[in-house]
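Participant: Residue numbers (the numbering used here), protein chains in the order written: chain S, 1 to 352; chain X, 1 to 280; chain B, 1 to 259.
Rather than coming from a laboratory, the hints here were simulated on the basis of the structure.
Since the structure is predicted, the reported quantities are computational estimates derived from the model, not experimental observations.
Note that the Cβ used here is the ideal one computed from N, Cα and C, for glycine as well.
Hints are supplied without guarantee of correctness; some may be wrong.
From the structure, some residues in chain X lie toward chain B, with a derived Cβ separation under 10 Å [said to hold, decoys possible]:
id	residue
1	Val42
2	Glu44
3	Phe47
4	Leu82
5	Val152
6	Val170
7	Ile174
8	Ile178
9	Phe219
10	Leu225
11	Ser228
Single-letter residue listing:
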Amino acid sequence: MSYLSLQELRKSYSGGSLAVDGVSLDIEKGEFVTFLGPSGSGKTSTLMMIAGFESPTAGHILLAGRAIEPIPAHKRNIGIVFQNYALFPHMSVARNVGFPLRMRRRPKREIADRVTKMLSVVDLSDYADAEPRRLSGGQQQRVALARALVFRPDVLLLDEPLGALDKNLREQMQIEIRRIHSELGVTTIYVTHDQTEAMTMSDRIAVFNAGKVEQVDVPLAIYNRPMTEFVANFLGDNNVFEGSVTADGRVDVVGLGVITADNAISQLPGTKAKVAVRPESIRPGVEGRANTATIAVQGIVNHGDSVLLFAATGKNTVKVRLPASEAAGFAIGQTVTVSWQPEHVHIIGTRG
Amino acid sequence: MKDASVFAVPDRWLPYALLAPLLAFLAVFFVVPLAQVAWLSVSEPAFGFGHYGKVLADPYYRRVVLDTMATSLFVTVICVLLAYPLAYVMAQIGRAGSTLLLMLVAMSFWTSFLVRTYAWIIILGNRGPVAALLRDVGLSPPLMLFTRFSTVVALVHILLPIMVMSLYAVMRKIDINIMKAAASLGATPFGALRSIYFPLTAAGIVSGSTIVFVLCMGFYVTPVLIGSPREQMISGVIGQQIEEFLAFGEASTMAIVLLAVTVIVLSIYHRFFGLDRLWG
Amino acid sequence: MWATFLALGLIVAIFVALPIAVVVPMSFSTSPSLEFPPPAYSIGHYIQFFHDVTWTGPLINSSVIATGTALLTMILITPAAFAMVRHDFRGRSLLNIVLLMPLIVPHIVMAVGYFTYFARLGLLQTYLGVILAHACLTSPVAFLTVSAGLKGFDRSYERAAQSLGAPPFVAFLVVTFPILRATFLVSAMLTFVQSFDETTVALFISGRDVATLPKRMFDAIRLQADPVISVASALLFGIVVLVFGISLIRQFLLRRVAR
Numbered sequence: 001m002s003y004l005s006l007q008e009l010r011k012s013y014s015g016g017s018l019a020v021d022g023v024s025l026d027i028e029k030g031e032f033v034t035f036l037g038p039s040g041s042g043k044t045s046t047l048m049m050i051a052g053f054e055s056p057t058a059g060h061i062l063l064a065g066r067a068i069e070p071i072p073a074h075k076r077n078i079g080i081v082f083q084n085y086a087l088f089p090h091m092s093v094a095r096n097v098g099f100p101l102r103m104r105r106r107p108k109r110e111i112a113d114r115v116t117k118m119l120s121v122v123d124l125s126d127y128a129d130a131e132p133r134r135l136s137g138g139q140q141q142r143v144a145l146a147r148a149l150v151f152r153p154d155v156l157l158l159d160e161p162l163g164a165l166d167k168n169l170r171e172q173m174q175i176e177i178r179r180i181h182s183e184l185g186v187t188t189i190y191v192t193h194d195q196t197e198a199m200t201m202s203d204r205i206a207v208f209n210a211g212k213v214e215q216v217d218v219p220l221a222i223y224n225r226p227m228t229e230f231v232a233n234f235l236g237d238n239n240v241f242e243g244s245v246t247a248d249g250r251v252d253v254v255g256l257g258v259i260t261a262d263n264a265i266s267q268l269p270g271t272k273a274k275v276a277v278r279p280e281s282i283r284p285g286v287e288g289r290a291n292t293a294t295i296a297v298q299g300i301v302n303h304g305d306s307v308l309l310f311a312a313t314g315k316n317t318v319k320v321r322l323p324a325s326e327a328a329g330f331a332i333g334q335t336v337t338v339s340w341q342p343e344h345v346h347i348i349g350t351r352g
Numbered sequence: 001m002k003d004a005s006v007f008a009v010p011d012r013w014l015p016y017a018l019l020a021p022l023l024a025f026l027a028v029f030f031v032v033p034l035a036q037v038a039w040l041s042v043s044e045p046a047f048g049f050g051h052y053g054k055v056l057a058d059p060y061y062r063r064v065v066l067d068t069m070a071t072s073l074f075v076t077v078i079c080v081l082l083a084y085p086l087a088y089v090m091a092q093i094g095r096a097g098s099t100l101l102l103m104l105v106a107m108s109f110w111t112s113f114l115v116r117t118y119a120w121i122i123i124l125g126n127r128g129p130v131a132a133l134l135r136d137v138g139l140s141p142p143l144m145l146f147t148r149f150s151t152v153v154a155l156v157h158i159l160l161p162i163m164v165m166s167l168y169a170v171m172r173k174i175d176i177n178i179m180k181a182a183a184s185l186g187a188t189p190f191g192a193l194r195s196i197y198f199p200l201t202a203a204g205i206v207s208g209s210t211i212v213f214v215l216c217m218g219f220y221v222t223p224v225l226i227g228s229p230r231e232q233m234i235s236g237v238i239g240q241q242i243e244e245f246l247a248f249g250e251a252s253t254m255a256i257v258l259l260a261v262t263v264i265v266l267s268i269y270h271r272f273f274g275l276d277r278l279w280g
Numbered sequence: 001m002w003a004t005f006l007a008l009g010l011i012v013a014i015f016v017a018l019p020i021a022v023v024v025p026m027s028f029s030t031s032p033s034l035e036f037p038p039p040a041y042s043i044g045h046y047i048q049f050f051h052d053v054t055w056t057g058p059l060i061n062s063s064v065i066a067t068g069t070a071l072l073t074m075i076l077i078t079p080a081a082f083a084m085v086r087h088d089f090r091g092r093s094l095l096n097i098v099l100l101m102p103l104i105v106p107h108i109v110m111a112v113g114y115f116t117y118f119a120r121l122g123l124l125q126t127y128l129g130v131i132l133a134h135a136c137l138t139s140p141v142a143f144l145t146v147s148a149g150l151k152g153f154d155r156s157y158e159r160a161a162q163s164l165g166a167p168p169f170v171a172f173l174v175v176t177f178p179i180l181r182a183t184f185l186v187s188a189m190l191t192f193v194q195s196f197d198e199t200t201v202a203l204f205i206s207g208r209d210v211a212t213l214p215k216r217m218f219d220a221i222r223l224q225a226d227p228v229i230s231v232a233s234a235l236l237f238g239i240v241v242l243v244f245g246i247s248l249i250r251q252f253l254l255r256r257v258a259r
């Protein structure tokens with residue numbers, strides 16, 4: 001039985017809008033799961049329901065087998081790190097971190113001990129008496145983490161915690177958070193719209209769209225075997241071609257021929273289907289790869305470490321990503337033969 | 001987002017429970033006195049709408065009402081004309097300048113109108129600076145106090161900060177680049193002002209004017225202290241009827257008439273703009 | 001073009017600010033009449049003011065009434081502001097207008113009402129009566145101030161406190177209230193000043209027993225041109241300057257402390 005179980009969660013607001021539309025998810029103890037999706041996709045609403053600040057319109061949330069929806073937020077023993085950290089400005093760092101322990105009426109000595117330990121875990125031992133507003137964004141973030149973890153919560157929720165930090169700091173904090181996670185082993189749910197973050201940090205990713213979870217899987221599977229067009233396009237650049245199913249479970253795309261994928265689907269021949277191919281999987285030349293196509297280069301975009309070629313065939317735009325070292329010699333108007341392996345093609349379900 | 005209860009009270013009832021004290025208080029100490037006024041206007045000294053008939057028919061009362069409206073309109077217009085340049089300067093000048101000017105305006109706004117009225121009694125008085133100045137130039141100073149003139153001057157001074165702040169609030173939000181764009185497209189400074197800037201500030205003019213007009217109509221203290229006892233405004237008449245004549249019926253009637261005009265003006269504003277605009 | 005506006009604007013600014021400045025020098029005048037500029041300066045009028053119980057009495061009355069009004073108003077409007085800002089319920093937009101009605105009704109109209117109504121309740125010429133009336137009249141502005149502060153308040157502080165184990169009311173006391181303290185203070189101060197300055201209603205219901213300072217001033221101005229009135233005016237003006245000065249200094253200090 002899973003540790004945290006979301007069952008058919010639904011949330012609608014008084015205006016009639018449906019923010020969460022039947023979300024079901026099972027999370028194991030100690031897992032690091034990311035809710036990934038654009039704004040308005042329902043990921044934050046779902047998080048708020050787990051935290052207890054919103055009550056589900058329908059559905060259940062089970063923690064270690066117990067339904068927690070009726071339990072008020074302050075009794076749920078769930079730690080939350082908010083996007084703006086929400087550090088109490090009128091308390092020092094130490095008093096902030098000690099707050100949950102004071103709420104639980106722990107003896108003073110124990111509080112002092114645990115606060116000190118926690119501050120050293122997040123590497124802020126020197127700042128115990130500092131005021132939150134004097135700390136940098138990254139430091140405040142770590143205080144928020146310390147505060148949310150000091151009382152050993154059953155679950156840790158992070159609501160887009162790194163949004164306000166610059167790129168370098170963000171990457172640093174990502175490593176920090178993962179390190180703390182492995183060290184403490186706490187079940188963690190991380191909400192973000194940044195797919196790179198999701199890819200690098202998560203054990204599993206749940207991709208949210210319009211109130212539903214479109215796919216839950218390990219990052220690599222989500223990347224290479226997207227189940228819907230939305231998932232295919234949301235993570236990284238992708239080519240999505242529409243075609244019709246052939247008799248042998250492949251897909252015939254106008255302008256590109258019959259494409260062999262890593263999965264075959266059993267639909268009636270002629271049904272519309274979509275295939276996804278990552279631009280970096282398409283290579284110039286043939287070299288024994290099963291899927292080939294001849295395309296005319298229409299645009300070249302230089303990304304520094306890679307180059308993106310745009311070509312059009314029929315209704316489809318083909319994007320090919322080449323490392324910079326191989327990009328010389330391609331020009332607009334040139335006709336190029338490219339190919340890719342079946343294992344890099346995935347047929348997306350006819351839904352979506 | 002709806003929030004979890006602040007207290008252990010069912011979510012649905014909580015807002016009503018929180019509002020109950022204030023609403024109950026207002027019901028007893030605001031609505032009831034008002035209702036009392038309405039009641040008195042038709043019940044004192046005898047039951048009937050006689051007082052209303054008098055107000056509509058009697059030339060004295062008619063003149064008072066019309067005079068009050070005319071004066072209020074006049075004050076409003078002058079306020080607009082004077083406030084516009086000041087608000088404009090405040091909106092365009094740098095941070096330090098606008099803060100200073102805002103402070104000045106705010107301090108005037110928060111000074112009791114009794115104090116401000118008194119200041120004008122000193123200034124326009126026979127031994128005040130204006131009279132002294134006129135004498136220095138060889139003119140014999142006219143009677144400035146206790147006239148319609150002094151009422152207007154004092155009311156303008158008192159209500160000007162409101163108009164300034166109303167205009168400033170709107171002007172602040174106008175992107176100065178609009179004017180530069182207009183200039184680059186060939187508009188003269190005056191032309192740009194007239195056809196682009198002015199229309200954008202229209203909302204501020206309307207809301208400021210509405211507030212000033214309504215306040216002016218109901219003003220008691222200033223016209224009574226500094227105005228002509230022969231040319232009273234509605235509020236002065238009401239006060240006189242209570243204090244001197246103990247004529248509660250007449251006083252209440254005039255009060256209801258004043259209230260009616262106020263409500264009508266505000267309703268018209270609400271119809272077109274929405275009252276929530278007035279207090280943002 | 002700008003020059004014209006600047007000149008006009010500054011002239012108006014002078015018109016707005018200067019007249020009030022007349023009041024302070026006037027209070028230090030030696031002349032018993034309303035002569036301005038004053039022939040000479042002394043604190044004679046101030047001594048006269050503070051020795052005259054017909055002036056110090058009203059000063060005390062106004063202080064008592066304003067304090068009582070501030071307390072009563074804050075207690076009434078604070079939960080109401082929370083209800084209106086944080087909850088969505090039927091009738092909310094209508095209530096928004098209803099709560100602000102005391103702002104709309106001219107004070108003279110309320111004065112007539114209070115005069116007759118309080119006469120029946122025996123509240124005329126009592127502290128309680130004036131406090132009750134003033135609480136009504138000042139509630140809209142206090143409500144608007146606290147509402148504005150609440151709207152700008154980041155809910156995540158409260159949520160963080162709750163997630164850390166604080167029951168909702170504790171979260172309010174320990175987190176919300178301290179952070180919003182400034183808003184409550186400003187609202188209370190505004191209410192105090194409004195009540196202190198309120199003239200029209202006080203004229204009719206404070207009577208001789210609890211005459212407020214504005215009432216005393218009004219009567220004095222009406223009856224005779226007594227320069228001691230300038231002292232009262234200067235005091236009233238002084239309160240405003242004081243309040244503004246304090247808030248300015250506070251802002252300045254806060255900016256310094258925050259590096």
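Participant: If you test the structure against every hint from before, which numbers come out violated?
Facilitator: Hints 1, 3, 5, 6, 7, 8 and 11 are the ones this structure does not satisfy, whereas the remaining hints hold.
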